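Starting from the given sequences, assemble the full structure and let the hints guide the process.
There are 2 protein chains.
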Amino acid sequence: MFEIRSKDNLGRTGVLKTEHGEVRTPALMPVIHPGKQTIDVKRFGAEIVITNAYIIYRNPELRDEALRRGVHGLINFDGPVMTDSGSFQLSEYGDVEVENHEIVRFQDEIGTDIGTSLDIPTPPGVSHRRALEEVEITLQRARESLEYRERMMLNAVVQGSTHPDLRRYCASQLAELPVELHPIGAVVPLMESYRYRELVDAVLSSVSELPPSRPRHLMGAGHPMIFALAASMGCDLFDSAAYILYAEDDRLLSTEGTYKLENLQEMPCSCRVCTDYTPSELRGMEAEDRRNLIAEHNLHVSFAEIRKVRQAIYDGSLMELVEERCRAHPRLLEGYRRMSAYVELSERFEPRSKRSAFFYTGPESLGRVEVHRHLQWVKKNLKGRMAIAGPSRKPYSSTLPSSISGFRSMKPQADGEWSVVVADVPFGLIPLELDQVYPLAQSDAPGIMDLEARHFLRELILDLEGDVIISEDLCSELGLQLPHPYSGEVETYVDDLDRIRMIAEYQFGEGAGDALFPDDVRIERSRNTGKIRHIYSGEKLICTMRASDGLFVLSAEGARRLHDGTAYPRCRVAVNEESEPFAREGRSVFAKFIIDCDNNIRAGDEVLIVNAHDELLATGRALLCAEEMMDLNHGQAVKTRKGGF
Amino acid sequence: MFEIRSKDNLGRTGVLKTEHGEVRTPALMPVIHPGKQTIDVKRFGAEIVITNAYIIYRNPELRDEALRRGVHGLINFDGPVMTDSGSFQLSEYGDVEVENHEIVRFQDEIGTDIGTSLDIPTPPGVSHRRALEEVEITLQRARESLEYRERMMLNAVVQGSTHPDLRRYCASQLAELPVELHPIGAVVPLMESYRYRELVDAVLSSVSELPPSRPRHLMGAGHPMIFALAASMGCDLFDSAAYILYAEDDRLLSTEGTYKLENLQEMPCSCRVCTDYTPSELRGMEAEDRRNLIAEHNLHVSFAEIRKVRQAIYDGSLMELVEERCRAHPRLLEGYRRMSAYVELSERFEPRSKRSAFFYTGPESLGRVEVHRHLQWVKKNLKGRMAIAGPSRKPYSSTLPSSISGFRSMKPQADGEWSVVVADVPFGLIPLELDQVYPLAQSDAPGIMDLEARHFLRELILDLEGDVIISEDLCSELGLQLPHPYSGEVETYVDDLDRIRMIAEYQFGEGAGDALFPDDVRIERSRNTGKIRHIYSGEKLICTMRASDGLFVLSAEGARRLHDGTAYPRCRVAVNEESEPFAREGRSVFAKFIIDCDNNIRAGDEVLIVNAHDELLATGRALLCAEEMMDLNHGQAVKTRKGGF
Ligand SMILES: [Mg+2]
Ligand SMILES: [Mg+2]
Ligand SMILES: [Zn+2]
Ligand SMILES: [Zn+2]
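Heads up: the sequence lines are chains W and G, in that order.
Per full-length UniProt numbering, the first sequence starts with residue 1, numbered consecutively.
Per full-length UniProt numbering, the second sequence starts with residue 1, numbered consecutively.
Don't take each hint at face value.
Repeated chains share a single entry, so a pair holds when one copy, or any two copies, can fit it.
[As the list claims (entries may be wrong)] Calculated cross-link-like contacts (lysine to any residue; reagent style SDA-like; alpha-carbon spacing at most 20 angstroms):
#	residue 1	residue 2
1	Lys379	His455
2	Lys260	Ala357
3	Lys260	Ser548
4	Lys42	Arg272
5	Lys380	Glu459
6	Lys592	Glu147
7	Lys411	Gln481
8	Lys380	Asp444
9	Lys531	Glu176
These aren't lab readings, by the way, just hints derived from the structure by calculation.
What you are looking at is a predicted structure, and each value in this text was computed from that prediction instead of being measured.
So this is what it looks like as structure tokens:
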């Protein structure tokens, strides 16, 4: 059973529940070598481990002990245990001496929490024909494993080599099976040779077809350099043999890459090992002591990075972490650059509001979902006579002068009214009405603009339909040479009603502005900041503007207005009869009770909770996106507000 | 006394020697509050601390104890102690009740290792007139402090507010005084408000005029986010009160920024505190226990970052670390972008060969010294008929086909011979002859090119003088539309003699190719790699090509040839009479014996060691650049090779 707790891009934190306890995800599973393990991984933060059932199965002593005491006893770990099936050996040696049904049954018998069917780990770069043949075997074995497992959860591995269509095919077929988790397999050769662009293609092709309700395991990913990027692609589980393999080779893991002990003058981290020893002390030690200490360091940095990734998802700063981590190697950056090709996939899962600001940290930031999403809105909604001003401090409407002069344009423009739009990095074009709304207001970029950002703004402006005048400062910053000066002045005043209606349209979609706000609304402002706080119709509160993100929280009256003014399924989450009374009481909506919802819902959205007959029950804030609401069977989906319905 | 041990950009690792022991730099000096300190900073790695002499002076009890037991006894630290003079209080409260001569004498009397004169900490943004007046007072006090100090080393603080010309003026005046260290003062307000662009201007204006032989202390810099950037600007000392101040405010330091404990779900690092406690455990503690544990975390991450910075300088990967760290905040990235304005300053100090590869991790990488330096060479030396090919795997000459067709050009071109030049990121244009030379060969960039890189290549190619044909692939990659197809084939064969002569010119300057290599050289190749290893004239070895960087190591014969074929001071380091016999024996050359050298020498260069009469004594590898050789009085300057002279 898997619950999602917080989300950022395709990444999520969650809880995986097993018979041997809960696991916080993203999670790192240290690889435990049965019979050889000397390091107690629990004290580093391991909540789940992985071991190899094939090795146990093939060794009579280990096998007997596992059958007698269970795998938890054998490896001396009382938390959840995942087992692999021998497909690693298959990829290394080309052959294994076990059948799928034997190894699946064996895993079940020894008490594995999560077992794996014997998939075919097709390597990168093989022909489409061979990859497809092997995918069919992998699929067949996944299907038959369902018959052999009694009690354990089942991993069904996505294969397909470096053919994205086959990854999608395999994933979509596996999605139909009642299995619990999905490893993404045979990617180790890509990671070993820094082919991160192909890794991104393999992972995102798979993830695009996998149900969001099941954890995905990036098999063999044990280098902390990759955790943030992989988590941002929706991977929930990693396994590390790297901690010990690298240690045996005197190599120290780090999020910036790998250090060889022989080259170290200084210990490069804050862990116990790096604080208590010097590189020359380590070099002077017996091999085994040295190996154990380096393995400890490797575990410390790996688990610290996993914790940092979980924190970043919770904070909504995962992509900032990814953009930082991807500087560890140009090929990692290349992989991240490739991710922008999947922006429409990410958009389906990206929350609409997050705890932290958007940081522009390089041209890649322009490829982020938040920018894509805003530009979609801009293309559809920015029309008419627009006066484009250059960036100023945020919120723009408070720092711009009350009127601006000095504009130029492509063709001569008559005097008259203009709506002011600010051109700025990273969000491109921001109508003044939206200058306090997340993430447009909660963003920052270097004051020294790079060429890509300049090009981005130029193209956006030149693509605008309607009449456009552009401030002279901005023209010269962007290298735009426009023939016609405009002699008039442009007022920067924003009418309150225009502002709140545009925010409503931005937040709830077309028509929401008129639906929510009659012409005679009454607006209350914060005494401290002067910002809009409450909006009333007469004495009735319609909504409150949340200070943190400038978006609206609906009152019962506001919810009724939105409900009346829009058609099903807009902004709706429909729940079944059983949960109707709970929703009416303001209790949170659990995913399993949801029978339908607006496809356009994203985590962070204000939603209307209705029953099957579209009767309004409550309002609340979505914790999941539409696809997750429909797919998940565990955990909260909407945090409901006490109603008045 | 300060020695430089390794270098990268303007950064250096070094050793500062004091009466109370040696300090490895860059170093972090925890601020110790006299009478209040509860944390033993030594166990976190502190080799030097800083405390405030003004606080001690103004408190009768502390003053008596300091005078009786010395400052080391007072604060219970037996390593080097630096003291500040009260100028912090001056900046905070506008006034101090002490005179410069009193506080300087007092510091000397209580046994401070490094004392500070009472400078005026002029804040950012004040008028040029006021800043200049205060700089004059600061200078006057620095001068008179020399009379009052008996034994301690003396800090002379660079001020000048946000006026770069005044920072330069102040620094150049202080450079004339026989003081030992230079704090760069009054930058805390810039760091607190993320004005990193102005910080870069203040620091680099100062550093440009300060003698390289003296450590520079970035006063008040205690956030690990800034250490890498500051070190790359030549700062050697940092001081941290942040570790405890942030802890008192429940804030955790990190190289990615600052975490508030209230927002933490996970402990974000690998230190003991983060491994042993959860955020909610910390939140549940008594304030003092919590503060101490957070302070411990803050010290662990700060010292880990200092060690990582030192390691990066040693590895030659400091700029890669800076480029990663600057993603922590857009304003930090802006500061780094500003650094490229100082590339000519950095060039004077940047080593010519380093241990690690050049990673392109964003458009800013194109502003790095290595690129600037190579392009200077390209502009001066790339001439004639050039066939520009697109990037291939390195080394290009091994992966390009033996002949290429499909070129286009601006004007019609006649058939004939072409030299092949590869256009690639980040080095722009690389003649095939140099395709194994550092850093051209030891570099990597993402396979997905960004707009800035494309623009960079396009501009370089369009600026080329001479006849140029460009491969069609490259034309389409760069969006170049050239009217004339070239129908001929271009050979990619590189003649060995052409190759080694061009490398010699690249390494030793104009004329070195002919000076070193007669037409009848004999070339020996590596059996394993097929690469050139040894070059002989008859039986006499001229030089060896170093496998790690593709540059030449001179034999005695090679040195004689280079010496004969070039005029003084080219490639020369001239030593005094005293050290002549040691140099002849192959003993390393110490900086203090150097009487003259070629201005163009950089760390990593092969140099000729001569006496005052330009008689050749030995060859060796420079460890310092020309300015450092002339300015430093301690430590090695050239690692000499056993001679045969
Ligand atoms: Mg953020
Ligand atoms: Mg490097
Ligand atoms: Zn460590
Ligand atoms: Zn920590």
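Hint check results:
Taking the shortest alpha-carbon separations for Lys379 and His455, only the intra-copy value of 17 angstroms comes in at or below 20 angstroms, while the best inter-copy value is 27 angstroms. For the identical chains of this complex, Lys260 and Ala357 are inter-copy neighbours only, at 15 angstroms across copies versus 37 angstroms inside a copy, given an alpha-carbon limit of 20 angstroms. With identical chains, the CA atoms of Lys260 and Ser548 are at most 20 angstroms apart between copies only, with a shortest distance of 17 angstroms across copies and 46 angstroms within one. Both within a single protomer and between protomers do Lys42 and Arg272 lie at most 20 angstroms apart by alpha-carbon distance, with minima of 16 angstroms and 15 angstroms respectively.
For the identical chains of this complex, Lys380 and Glu459 are intra-copy neighbours only, at 16 angstroms inside a copy versus 36 angstroms across copies, given an alpha-carbon limit of 20 angstroms. With identical chains, the CA atoms of Lys592 and Glu147 are never at most 20 angstroms apart, being 26 angstroms at best within one copy and 82 angstroms at best between copies. When the C-alpha separation of Lys411 and Gln481 is checked against a cutoff of 20 angstroms, the pair qualifies only within one copy, where the shortest distance is 12 angstroms, while the shortest distance between copies is 29 angstroms. For the homomeric pair Lys380 and Asp444, neither the shortest alpha-carbon distance inside one copy (25 angstroms) nor that between copies (41 angstroms) is at most 20 angstroms.
In this homomeric assembly, Lys531 and Glu176 never come within 20 angstroms of each other (Cα to Cα): the closest approach is 50 angstroms inside a single copy and 56 angstroms across copies.
Violated hints for the displayed structure, listed by number in ascending order: 6, 8 and 9.
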